[in-house]
Every structure is written in C-alpha cells, then in structure tokens.
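Those letters in the sequence shown? Residues 0 to 363, by numbering that gives the first Met the number 0.
Don't take every hint at face value.
[To be verified] Label-pair ranges, simulated between beta-carbon atoms:
#1 Asn86 x Asp265: 30 to 40 Å
#2 Tyr108 x Lys57: 16 to 26 Å
#3 Val285 x Lys57: 18 to 28 Å
#4 Glu102 x Ala341: 41 to 51 Å
#5 Arg208 x Asn332: 24 to 34 Å
#6 Ile103 x Gly348: 32 to 42 Å
#7 Asp67 x Gly348: 24 to 34 Å
Rather than coming from a laboratory, the hints here were simulated on the basis of the structure. Cβ atoms here follow ideal geometry from the backbone N, Cα and C, with glycine treated the same way.
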Amino acid sequence: MLKKLSKKITAGITAAALGVSLTISAPPAPAEANVLTDILITGVSATMSYNQMNKQFKALNDTEEGRDALYRQFQEKTGVNNDPTLNARLDRIMENLTRAVGEIDESIYDKPYKYYVSSDESLNAFCSLGHVMVVNTGAFNYLSTDDEIAAIVGHEMGHGQKDHVIKGNKKRLNKLVAAQLGAAAAGGGTIASIVASVTANNSIAHGDRKHETEADNLGWEYMLNTDYNIGATAAVMQRLAELYGEKNNSNILNPSDHPDTGKRRDNYANKLYEYSGKHAFAKDGVVTINDQTFTTVAATNSMSSAERAYFVLGNLAKAYHNGKNSSDATVYNGTVYLGDIAIMTPAAGDEDAYTLAERLNSIK
Numbered sequence: 000m001l002k003k004l005s006k007k008i009t010a011g012i013t014a015a016a017l018g019v020s021l022t023i024s025a026p027p028a029p030a031e032a033n034v035l036t037d038i039l040i041t042g043v044s045a046t047m048s049y050n051q052m053n054k055q056f057k058a059l060n061d062t063e064e065g066r067d068a069l070y071r072q073f074q075e076k077t078g079v080n081n082d083p084t085l086n087a088r089l090d091r092i093m094e095n096l097t098r099a100v101g102e103i104d105e106s107i108y109d110k111p112y113k114y115y116v117s118s119d120e121s122l123n124a125f126c127s128l129g130h131v132m133v134v135n136t137g138a139f140n141y142l143s144t145d146d147e148i149a150a151i152v153g154h155e156m157g158h159g160q161k162d163h164v165i166k167g168n169k170k171r172l173n174k175l176v177a178a179q180l181g182a183a184a185a186g187g188g189t190i191a192s193i194v195a196s197v198t199a200n201n202s203i204a205h206g207d208r209k210h211e212t213e214a215d216n217l218g219w220e221y222m223l224n225t226d227y228n229i230g231a232t233a234a235v236m237q238r239l240a241e242l243y244g245e246k247n248n249s250n251i252l253n254p255s256d257h258p259d260t261g262k263r264r265d266n267y268a269n270k271l272y273e274y275s276g277k278h279a280f281a282k283d284g285v286v287t288i289n290d291q292t293f294t295t296v297a298a299t300n301s302m303s304s305a306e307r308a309y310f311v312l313g314n315l316a317k318a319y320h321n322g323k324n325s326s327d328a329t330v331y332n333g334t335v336y337l338g339d340i341a342i343m344t345p346a347a348g349d350e351d352a353y354t355l356a357e358r359l360n361s362i363k
C-alpha cells in the first residue's frame, strides 16, 4: 500500500508542505504560489473519499516506512550539514528534551523523533508529519546557546506531540475536497487534483494561532523538566523580535500563522515572573526584584542587553521557585550565587559581582 502512496503522495508533496516551523525568514511567496495553488498531485477523481485521504496521512505519519520516506525527502530537499559539533549539540538537545517530554507524555517513546541539521542558513526549525524534526544550520549561527536552541526545539516538539501538522493539513484539505466535490456535483467538472502543496518556504499546516500558543506553552513545560535556563524561552523571542520586529509583518512569510513575537516574548516573561513567586521580572534589559531594580544588564558581542537579561531572570526565577532566596547571595569565582544557583556572571559593562551580591541581599 505504501508504495502506491509514495507514488501518489510522498513523491509529489514537497517536504515543507508537511512541516510546522517556529519562524520563517524567507521573503513572501508570490501570489500564484500561495497555499493550495501549487497543485502537485494530478489525476485524482472526484470519487476520492475523505477516508482515503486520512489513510494516506496516517501512513505517512504513523508507519515507520512512511516516516522514513519523509525523512529522506526532507534531507534531499534541504541538504544535510554533517558538521560533527553541530550534530553532537543537537543529539544532546534531543536527548534532554525527549526525557523532559517523556515526564509529561510517554507517547514520545512510541514514535521517537527523526532529526537532523539541515544546510539551510536561515534561523528556523520545524517539525513535520511523522515526527521528523529539522533544525537549520542558521539556528546555530544566530543563537549562541544550546538553551535557546532547546527552547525552539521544545516548541516544535509541542507541535509534534499534539499532531498539529496533520490537523492543520487535514483542515485545509477537507475544505478543498468539499469545495471541489461541490463544484463537481454542480457540473463544474471532476477533481483534477486534490492534495495541494505550497512553496518550499511555506506550510499548509500553519494558519491556526491556537496551535502556536499551545506549542509555546508546551515548550515551556518541557523546558521546566530540563537543566536548561528557562529564561531562554523569552530570550529567543527577544532575539527574533530584534531580527524581524516585534510584530509579524511582510518581511516574514505567512505573518498570520504566529502571534506577534513581542507578545510571545511577554507571555514567557510573565511565566518567569509567576514561576519566581512574583518576585523577579525583566524588561528592556532591566532586571527587577520585588519591584526594585537589581541591575541593568550590559550587552555582549553575542547578545543584546534585553536578551541577556532574560537569562538572568531565568536564574532568579529558578532560585526563588526553589526557595534559595532564604540564603545569602554570595560570590564565587566572579559569579553571583543565590544559594547554590548561579544568578549572573558580570561581563564588560556590568556592575561587579560583589556590588550585585550586596544589592541582591538588600532587596531579596
């Protein structure tokens, strides 16, 4: 059966048509290549049923043969970066996040993710049907920490665990089937083609902001079950906002697919505030504790002040959540600690560690 499907679907659907991505950095596709207009599969008659369509999706999403076929197709389309350092980093991230997801959703072990580093230089990662995870080389180039890579991969795992990709595709294709069948019944002709694709930088799984918000919230829960800095969730959104703007706009493909980047960042910042017991917050590079300024974080060569401040906030949130504020802030090897949790290592332009520790003790 799958061999027939490969002829009808796998060989015809572009890889990106089956994926959900965190952010897109390509320019908008031309109107003639928009969703449901670039028809790749022809000769399907009006008698093709919804059940048949669902079986095709199930074969690609749930069988090892179908998942392998998609995995190979993605690799052929995007190219593969075999750099051992990047692949080792992604291996560790996937291992850590798989354990984290498994604490919430054990079904991840029934369908482990197939993943690789693509050759694409844009800042992007996406999850396709069949739990195929693709992380672009550009994500490693633009993001300086594994914490931020983990934050975007955790978001994509949220899509994967909730089958957002297949739900999004079915929703779009169901509408197309209904429209085409209606046209045929009214004398408008038979269905010449039924499964549509978009350009290589687009995805018909997109279009539902509820899915994006759910994936953001699931990614947060997954990060809580790791040793990664949970402030990376807000920090990576700050990075995206600096690169592409706080509001999705015409410079980003499919602007309606995701909530505004600034709102997503602020959602995570509020989660960090709540996690800290409403003690710690950060905005525009200023970190506050109990409504008093702790410090204004300096920018570095790899991070803006605002992005770096969210990492400090992540450490403070964890310290307060774990009750470490009952301990005195101390300095060890140039790093400020609250209990046994490192809060901040001053960089050029920051106040010195002893000044920060003294202030932390006075306002915590």
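Results of checking the hints against the structure:
1. Asn86 x Asp265: 30 to 40 Å: holds (34 Å)
2. Tyr108 x Lys57: 16 to 26 Å: holds (20 Å)
3. Val285 x Lys57: 18 to 28 Å: violated (51 Å)
4. Glu102 x Ala341: 41 to 51 Å: Given range 41 to 51 Å: violated, Cβ gap about 24 Å.
5. Arg208 x Asn332: 24 to 34 Å: violated (45 Å)
6. Ile103 x Gly348: 32 to 42 Å: Roughly 39 Å apart at Cβ, these two residues keep to the hinted range, so it holds.
7. Asp67 x Gly348: 24 to 34 Å: violated (50 Å)
Violated hints, listed in ascending order, are 3, 4, 5 and 7; each of the other numbered hints is respected by the structure.
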